[in-house]
Amino acid sequence: MKKINDNLTPLQKKVAFEGYTEPPFNNEYNNEFREGIYVDIYDGTPLFSSKDKFEAGCGWPSFSKPINHGTIKEKADYSYFMIRVEVKSAESDIHLGHVFDDGPKKLGGLRYCINSASLRFIPKEDLEKEGYSEYLALFK
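Using the numbering used here, read the sequence shown as starting at 998 and increasing by one per residue.
Check each hint, because a few of them may be wrong.
With a straight-line cut-off of 30 Å between C-alpha atoms, the simulated DSBU-like cross-links for lysine-lysine are [to be verified]: (1) LYS1011 - LYS1048; (2) LYS1011 - LYS1072; (3) LYS1126 - LYS1062; (4) LYS1011 - LYS1085; (5) LYS1137 - LYS1048; (6) LYS1070 - LYS1137; (7) LYS1121 - LYS1137; (8) LYS1072 - LYS1102; (9) LYS1048 - LYS1121; (10) LYS1103 - LYS1085; (11) LYS1126 - LYS1085; (12) LYS1137 - LYS1102; (13) LYS1137 - LYS1103; (14) LYS1070 - LYS1085.
Worth flagging that the hints you see were computed from the coordinates, not collected in a lab.
Let the hints inform the model, and build the full structure from the sequences given.
This is the structure:
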């Protein structure tokens, strides 16, 4: 059973549960490039690996793919007079961000543009003590 985090900040709640977008460049993980994984801020589901993170210049953490496609779900988003694809955590249903087809071709062409406020970063050296030891294999 997943541990639910009820101690979210007001910004985390607004992003995760109301679909808000945090400010670009002024967020926790845009410039985080240590080895590790990014998990759902609410229920701890592993979502993205630093191995798939790249600098997109957009101001938000960008990934070429999720750790496992079953951990996310995609939904059409027509808000703000745009046509986009929203990315949500499959288990908790929190808003993560959006996926675009303008990512690096050599990485598959997708850019998962994700709000830092929806994520918690776990550095490689903390994976075992945090209960994510099976993900250490990603960094060998």
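Handout entry: Hint numbers contradicted by this structure
Key = none
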